[in-house]
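**Student:** Here the protein sequences line up with chains A, B, C and D, keeping their order. So the first sequence is numbered by this note's numbering: it starts at 1 and just counts up by one. So the second sequence is numbered by this note's numbering: it starts at 1001 and just counts up by one. So the third sequence is numbered by this note's numbering: it starts at 2001 and just counts up by one. So the fourth sequence is numbered by this note's numbering: it starts at 3001 and just counts up by one.
Any given hint could be a false lead.
Said to hold, decoys possible - Label-pair distances were calculated between CB atoms; the ranges are:
1) 217/A / 1256/B: 50 to 60 Å
2) 3059/D / 1279/B: 49 to 59 Å
3) 278/A / 2411/C: 31 to 41 Å
4) 3516/D / 2085/C: 33 to 43 Å
Quick caveat, the hints were computed from the structure, so don't treat them as lab data. The C-beta atom is built at its ideal place from N, Cα and C for all residues, glycine as well.
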Amino acid sequence: MTATLTPKDFATATPSWWCPGCGDFGVLSALKQAMAELGKQPKDVAFISGIGCSGKISGYLHSYAFHGVHGRALPVATAVKLANRDLTVIAAGGDGDGYAIGAGHFVHAVRRNTDMTYIVMDNQTYGLTKGQSSPTSATGYVASVSPDGNPDTPLNGLALALAAGASFIARGFSAQPKQMVAMIKAAVEHRGFAIVEVMSPCVTYNKINTYAWFKDNVEDLTVRDGYAPNDRLAAFEALTRDGDIPLGIIYKEDRPTFEDRTGLPEMPIARLDIRRPTADYAAIQAAYR
Amino acid sequence: MTATLTPKDFATATPSWWCPGCGDFGVLSALKQAMAELGKQPKDVAFISGIGCSGKISGYLHSYAFHGVHGRALPVATAVKLANRDLTVIAAGGDGDGYAIGAGHFVHAVRRNTDMTYIVMDNQTYGLTKGQSSPTSATGYVASVSPDGNPDTPLNGLALALAAGASFIARGFSAQPKQMVAMIKAAVEHRGFAIVEVMSPCVTYNKINTYAWFKDNVEDLTVRDGYAPNDRLAAFEALTRDGDIPLGIIYKEDRPTFEDRTGLPEMPIARLDIRRPTADYAAIQAAYR
Amino acid sequence: MILNSVEVMFGGQAGDGSLTTGDLIAGVFKRMGLEVYTYKDFPSRIRGGHTNYVIRASENHDYGMADAVDALVAFDLEAVETHIAEMRPGGFVVFDNTDEAIPDNVRRDDVTWYEIPLAKIAKEMGLELIRNTISLGVLGALVGMDPEIVRHDVRGVYQRKGEKVVDLNMRAIEAGENYVREHFADRPSGYGLTKGIDGDRLIMMGNDAIAYGALVAGCRFMAGYPITPATDILEWMSKQLPAFGGVVVQAEDELAAITMTLGAAFAGVRAMTATSGPGQALMTEAIGLAGVLEIPVVVVECARAGPSTGMPTKTEQSNLNHLIYSGHGEIPRVILAPGTVGESFELTTTAFNLAEKYQLPVFLLTEQALCQSKATLPPFDVDAVQIDRGKLIDSGEVVFGEYKRFAFTDDNVSPRVIPGIPGGMHLAPGSEHNDGGVITENAANRARMMEKRMGKLVSMRDDLPRAVLHGVADADIGIVGYGANTGPIAEAVDRLARAGVLTRFLQLRTLWPFPEDEIKTFFGGAQHVFVVENNYTGQLERLIRAVVGPVDALQSVRKYNGQPFRPIEIIEPIRRIAAVGTPVEVI
Amino acid sequence: MILNSVEVMFGGQAGDGSLTTGDLIAGVFKRMGLEVYTYKDFPSRIRGGHTNYVIRASENHDYGMADAVDALVAFDLEAVETHIAEMRPGGFVVFDNTDEAIPDNVRRDDVTWYEIPLAKIAKEMGLELIRNTISLGVLGALVGMDPEIVRHDVRGVYQRKGEKVVDLNMRAIEAGENYVREHFADRPSGYGLTKGIDGDRLIMMGNDAIAYGALVAGCRFMAGYPITPATDILEWMSKQLPAFGGVVVQAEDELAAITMTLGAAFAGVRAMTATSGPGQALMTEAIGLAGVLEIPVVVVECARAGPSTGMPTKTEQSNLNHLIYSGHGEIPRVILAPGTVGESFELTTTAFNLAEKYQLPVFLLTEQALCQSKATLPPFDVDAVQIDRGKLIDSGEVVFGEYKRFAFTDDNVSPRVIPGIPGGMHLAPGSEHNDGGVITENAANRARMMEKRMGKLVSMRDDLPRAVLHGVADADIGIVGYGANTGPIAEAVDRLARAGVLTRFLQLRTLWPFPEDEIKTFFGGAQHVFVVENNYTGQLERLIRAVVGPVDALQSVRKYNGQPFRPIEIIEPIRRIAAVGTPVEVI
Ligand SMILES: Cc1ncc(C[n+]2csc(CCOP(=O)(O)OP(=O)(O)O)c2C)c(N)n1
Ligand SMILES: Cc1ncc(C[n+]2csc(CCOP(=O)(O)OP(=O)(O)O)c2C)c(N)n1
Ligand code: SF4
Ligand code: SF4
Ligand SMILES: [Mg+2]
Ligand SMILES: [Mg+2]
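With the rest of the complex left out, here is chain A (with noise of 0.2 Å):
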């Protein structure tokens, strides 16, 4: 029961839908990878995922999956967590479903720090709805419906995380696997709201940001001389200044989860027998008469 699992043991047995060549494929390998070499077994894996190309990642990982509406990844996952500490939660989806439709869950699931990873997908357009901008799309990215060049700033998702109190903040590029393997493994088990941001190129729509142009855009955190994922600021500064996109564990803190605050028992509540509850339900009702 508890052996431990190859990376296949994380697959199913359903085709994906994906292009050949897409981004996804990278962060579903890496993730594979993560949970064998974490231990873990996939009845205790819990996996989210939002509505998009990115979010079809939930029906390729052998484990709880759960595939839900656009841009409510969050919510579900944190409950879940909530509901079975035990379990293993990750939530997925891509830069549409995060940033855009679900902006506000993400600052607020970030505030909150429950014990859980976020793994954004980010390929700076809508995949499944056919190449329109996306919140992370660059200033001027023609598409469908910007002829004239999306007019919008892009979102830096990792700053926002930052800002909100996020405890974990790492930024990974599909082709290149190992670390992003380490990353997940890292945010998983980090204890607190950990978020993986994965540069996952759109080889059908986005012609801007191919795996060619990351190459020559990312720049390694981790070997940047001194750089340590404790400072605040300079994480904030390292993810704002002009220039290369930084992948690495951007940043990291401990601090209290939403578990920790609420005094969450350790026994899952799913795991509660609740014809035989633990405290009086007469004394609640005597306060009426």
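Here the structure of chain A is known, so what remains is to put chains B, C and D with the ligands in place on it, guided by the hints.
**Tutor:** Below, chains B, C and D with the ligands alone, put in the same frame as chain A:
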């Protein structure tokens, strides 16, 4: 018609529904003062508010006022501005309205940088629904729905705005009217999306963040040695460091507005004669032959 | 002289403490052995603005408001102006004339006036707030409250504030009573209540009964976002759930509240949320997800007057259509509507069982005039509450590959595993899927899945709470209604019967799936059927019309001004049709 | 030999270019003077997964799909397997046998097989993608396309890619035609189309017609969020609006899209949004706000198969209930549903007029099978489009104090100022308010305001698009339907008539306020009325039942597998009831 008006000219006949002593009175009078000093005419002011005690403010400013649904003041206001560039568009609402249910719109309105002003009336509680914790309530704030204290970390709305790319960020305190007037004026005159967060005590429910408490816990940034509101990193530091709550104009930057980037014509859309279109309908149809 | 029935209205400005006094009066009446119903009518603001608290005491339980106000305690002129027309001839007004006087055009001759400088007396006693307690003394003396009980209850409320405060309040009661004795000995109110036996009863608000029902039903997760008049439930659960190992989350909005509820339920916890119109509107999309994922959730809708922000603190029955029909696509759902505080508890426990047994969203629909109203009722037998979790597999294991989360079965309900169960791993997708949860757009599978999901509404038929039949089973005149209207209609039925007009009242408790059979049967032999509802468009009536057709028998009794029905508003149209000569006894 | 009617299906994997070829074929048929209808059936993914494109050509305009597929061009075995059962006996299959062969159990003897190594030929020509064009040559030769027109249209599509590409495509057509000539001279397809006159016609997709209608109606602001199958409209408007001085905003979600639409309309611009089920669900709350603020907005709903994510690219008529009934509280709203591409334009212009004239939200309801389908139609007479802005005051001034934004009037519509008009300053609150916009919870005002707002549904009656009556006005057999079902029903009516079964078809175009009178009149003298709809629960039928009752005449014809109706599916049940001996001519 265009005679300069006084604050009284911006008053409505409707008696306010606020509790005596509510911080929102201060915001309202600063707003009237600012409008008068800016030489605005009520007919040219569109004032859009959210739902909450704070949201009621739109009923008390003589203007074209819109009191919509909870959390959606910003998209309404954005569109009013785009529809009629000649209007002075101001949105206002509470910390719950803006940072809880409206958090997603907040981030995107900031990013879009439409030329308008947003006033967040922050009383660190949900006033109208009787004092529950709001996103800005202190951790441990005891309220009806958090009898054991608010388990969440307060959200730093202005830091969030900074991370989302805000071009104007200021904070006032409703007991310091002069500064507020100056700030609102600067915000309205700023080309782009300007946020003014006002600490506006709820005298009925929030027994922690009272006038007295604020007096002890605010710091006027503009008088601080060498602080210049043009450095994003310094602004982040000022907004997130431990210690007093900084007041004043915290950040200001000139960057293209949504109107600039979309090449929105100077002629307000609302003034177009839709019976005499500027371009040819027939040519479009011809492409389908 | 009217026996043991009185409706007291406390009217003043919001935030002036009349709610506390109103609650006190309700308690006193209860302890005097009377049956009580209260109604809070307050504005959507915190301080100031006319507010009133109605306490109706009678010998019949589960009645609502009376036909008219018997005793108005008015702290300002606005209260008198607003409500003088609602006064019963023979009733009385206690008016605080410290600062204002009653103008002649407001005064009515058929009510008795007791003008007392309440605030002045209070100030002389050293605390202006104490005027509420003085007025309680006045009212008690005029209406015939048991002075011992008044003192006992007031002590109970102020005890934790210390003996000094209690003392002051005791003196305030006394001052009120004395004032009546000294000034109005010659001016009897015409009222006198007889003390009976309190017995083993509760006095509880509808929302409290719902929350308590949820707790007893095993709900251990609640997510919500504050909204009037549903916040009470969130507050109640916040206080109680932790002791039972559960958790309450104040979400960032209702989109989060409902999706959190889904998440917790998916993970195997009985979970609910509670909201009102605007929040319910925002939950629309996720309710559809619950339907297609076959996740059991309970959603409490505490309706208020819409549309949009509308009148957030007023009552209305205008969300029924939304609960039944909103959402793109078609899912099975259940709507239960309690008619009394007791049923609020009972149907909440039923809601959780139905949700889990049939794996779908269940709405508990109530309204401001019921959910924020208090009533007396017998204690709940919590041991009798059955918990039926249906085909839940929350222990042991299943065989991977064989186990199908969305298996087609005879009753259309599939075995449901929760995360952590070995072998049960699957995808739960909001997209159409096959029995194993794999997304597919195959047309044949699609049709079958629609039939499976919707078929649950048929399988469940016998489990649904049946309507309650009040009155005379074979009367010619029928009435259909639900929710807070139950009280006023029940009273109308009783009083019409006393006037010789026999009627029967079908109190619907399951509103969806619509009880077509019960409606059809009820219409059999009815010459007139009055559909009573608190909305403009006749939402219930349209549902009925789709079953029985636009028959002549149908009569609409509607109200949409934000106020609950008074029984006379139901009696009158029936009396007109039934052409009863004798006036119906007005009590 | 079937005259001038053919249904071609192009089947392969998503992203393989068959959409372009499908469009080409549609254009060729049009230029041959035929009437065309196309239907795209694709999966909710970008590359791969079975997809097909149906092009139906006939001599009757505004028909939909045929009874069966005449010519299946299958690029893989999956396409054959999925659709072989839908083939008409006597039809034919073109199959690319480069990599796969047709197994015996898939093969049908009553269709003709043309197995051609399309990919192989393409590869030999140097470009695998070219197999689409080769298949076009094949199909053209088999079905009787005009070779000149084929070449002309192919050139048109590839011109901007340069002469080399055009050349390659010309050779590909040739290769296809030659292959048929060389290999299948002895195997005639049985099809032959006669070339007629194209004339002055358009070929346009429903969504394009809506967008164009909006533009011509003066819509100058659109906010939207991408969602299938509504995104086309957002894209279209993005391209065209700026040239007309307007603006399009891609919002962060649908909550923003609809509230932006409200904002722009409040400011005086004709504004709209377009979405599909899930987005529509999210817009629920704000629609209520539009209702109470009396703001004119047009909301296009391009329905797809729900519930929840459901089958995002498939068609369904399951959002009608949502549009009518969703939202807490009660507001007046209008729902128009075009039945053809032409009406999509026309009713969009009407929608804007109704919205402004009556100051309320107007929905334009369409479905994937209409809004993403192309059809041939006469050009639009844009000069004939009337713009009626109702009581809008967008110039001059009003007298402050006298002017009341929500004034009670005879037709319940109040004069509407826009920001910038001197004297018109007021509050527009989602809370209940008096005629001047001041928030009040006064019960009498509340009732009156409800009556004012809802009364607009009565004032507008004569302005609403009337239903279209097809067929024989006094036939015994009636059919009721709307939207994309219009084509198949109209064809069923025509063909039944040819078989001697007279029917009449009431094509509803205003779905709300529900056209009770039209329905009642239509039911007069009908022995059977078939209600045809693409959903499980019979949403339209329930509306009808509330008007006419659960009469015996009512017959349900429903489909809920994500596919549109084929005419035979409507003919069959009618024939069964009408007990017609002779089979209805199957064309
Ligand atoms: C409420 C709602 N609105 C819109 C959609 C349509 N939709 C599906 S996926 C998507 C965006 C996908 O973008 P992203 O989240 O970046 O995922 P990607 O496909 O790029 O991986 C949209 C808008 C939807 N499913 N639900
Ligand atoms: C969709 C929706 N959910 C909930 C509410 C109830 N509600 C009204 S005001 C409010 C919060 C008010 O807090 P805030 O925005 O901080 O304003 P304040 O009253 O403190 O000024 C809430 C939750 C609502 N009106 N609409
Ligand atoms: S469209 Fe883009 S994001 Fe979607 S599967 Fe294809 S490559 Fe990936
Ligand atoms: S409750 Fe608080 S925020 Fe609301 S009006 Fe009163 S003092 Fe102001
Ligand atoms: Mg994306
Ligand atoms: Mg607040």
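**Student:** Would you mind marking each hint as holding or not holding in the structure?
**Tutor:** Hints, one by one, checked against the model:
1. 217/A / 1256/B: 50 to 60 Å: For residue 217/A and residue 1256/B the Cβ distance comes to about 23 Å; the hint is violated.
2. 3059/D / 1279/B: 49 to 59 Å: violated, 37 Å
3. 278/A / 2411/C: 31 to 41 Å: The hint (31 to 41 Å, Cβ to Cβ) holds, given that residue 278/A and residue 2411/C are roughly 33 Å apart.
4. 3516/D / 2085/C: 33 to 43 Å: holds, 37 Å
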